[in-house]
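**Q** 0 is the number of the first residue of the sequence shown in numbering that gives the first Met the number 0; add one for each residue after it.
Derived by calculation from the structure, the hints in this document are not laboratory data. Take these hints with a grain of salt, some might be off.
Stated by the list, open to error - Dumping the calculated SDA-like pairs for lysine to any residue here, alpha-carbon to alpha-carbon at most 20 Å: (1) K307 to V146; (2) K264 to R281; (3) K264 to A333; (4) K264 to L234; (5) K145 to T172; (6) K262 to S237; (7) K264 to W294; (8) K235 to Y27; (9) K55 to P199; (10) K145 to T126; (11) K307 to L291; (12) K235 to W326; (13) K283 to L269; (14) K235 to K145; (15) K262 to W326; (16) K264 to R302; (17) K235 to H198; (18) K167 to M275.
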Amino acid sequence: MAESIAEFFLEHFRARRHQRACRQRRGYRMESFTYGEILDLATGFARMLEARGIIKGERVMLWGENSAQWIASFFGCVLAGVIVVPIDDASAADFAVRVSRQVEARLLVASRRHLHECSVAGFPIATVTLEHLAEAVSPEPGTPTKVALSREDTLQVVFTSGTTAEPKGVVITHGNVLANIAPLEREIHRYLKYERWVHPLRFLNLLPLSHVFGQFLSMFLPPLLGATVIFQEELKPSEVMNTIRRERVSVLVSVPRVLQSLKQKIERDLEDRDEMDAFRRRLKSSEGHHFLRRWWTFRGIRRQFGWKFWAFISGGAALDSETEEFWGRLGYAAIQGYGLTIILSAWARDRSARYCPGAK
0 MAESIAEFFL EHFRARRHQR ACRQRRGYRM ESFTYGEILD LATGFARMLE ARGIIKGERV
60 MLWGENSAQW IASFFGCVLA GVIVVPIDDA SAADFAVRVS RQVEARLLVA SRRHLHECSV
120 AGFPIATVTL EHLAEAVSPE PGTPTKVALS REDTLQVVFT SGTTAEPKGV VITHGNVLAN
180 IAPLEREIHR YLKYERWVHP LRFLNLLPLS HVFGQFLSMF LPPLLGATVI FQEELKPSEV
240 MNTIRRERVS VLVSVPRVLQ SLKQKIERDL EDRDEMDAFR RRLKSSEGHH FLRRWWTFRG
300 IRRQFGWKFW AFISGGAALD SETEEFWGRL GYAAIQGYGL TIILSAWARD RSARYCPGAK
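Use the sequences and the hints to build the structure in full.
**A** Encoded structure:
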């Protein structure tokens, strides 16, 4: 078992070097990154931090939309022993400025949009543009100086947006995250021989990487499976369904609100076709049926998502029982991951006061 997230990253991203790690929209097209490309980008970013004199224990802020570049920046910091301070993409510039001052950040890696906001707000530190990360990293080959890391070292400080004068942060160590990875890794090894029948697994992740749960489902779980993560900003139900079908997605990772809006879209479409009453009767009679029978009963709806899609993972808040039951009756797995973030944050709280004056 790895003793740090740096070891975890190098082990699994090297092993999956030639497999596709993620896909994301760039303009009018989709672009792909392999695990090896993210590994190389992260390594180059770690060398860049070293060249700038940013050392173990210092802080780098990450602020932008989900992307391969965000993941590479995160793991580049990890390789250098630098503490990551992720900022929610929806946060305001003044909030980011307050966080930077509180943690005494050395560098901000942010999207073009946020860097423009920062220039207006008078951001006090050096910056790197997230979209141009490949051009900014060190071009020289080689590996960065290896940094000694343990489970006790701080991995990241996660802040929640708020209107109070002092942002509230939670310190998360390498050990906190590894403790959550370990049981997943043990269980996954038992089922990898079956995974080849559905390989590659594809996750459509609509949760922000600035949140712990979004990180787990995009950065820590997929490498264990050689899975591909797809990022998109659009939350419109029809666009989400189109992406799931077009990209042959297996699992949707989102907040409960997205599952509810997808449910409402299906119901609206049925109402428009005057099929709602018949659907309700089928839905009620499907209770207790084998999931394969439910798949066949509701094949018209399943066709809209594509035949490879089979599960929702909901995080960020509790999923209401009505929505959970609705998707279960259609033959989908609806998995709640709300507790994972809460547990991890609770484990980290006793360390928070040692680093963040505003931690709670």
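**Q** Hint by hint, where does the structure go against what was stated? Just the numbers, ascending.
**A** Violated: hints 1, 9, 10, 14, 17, 18.
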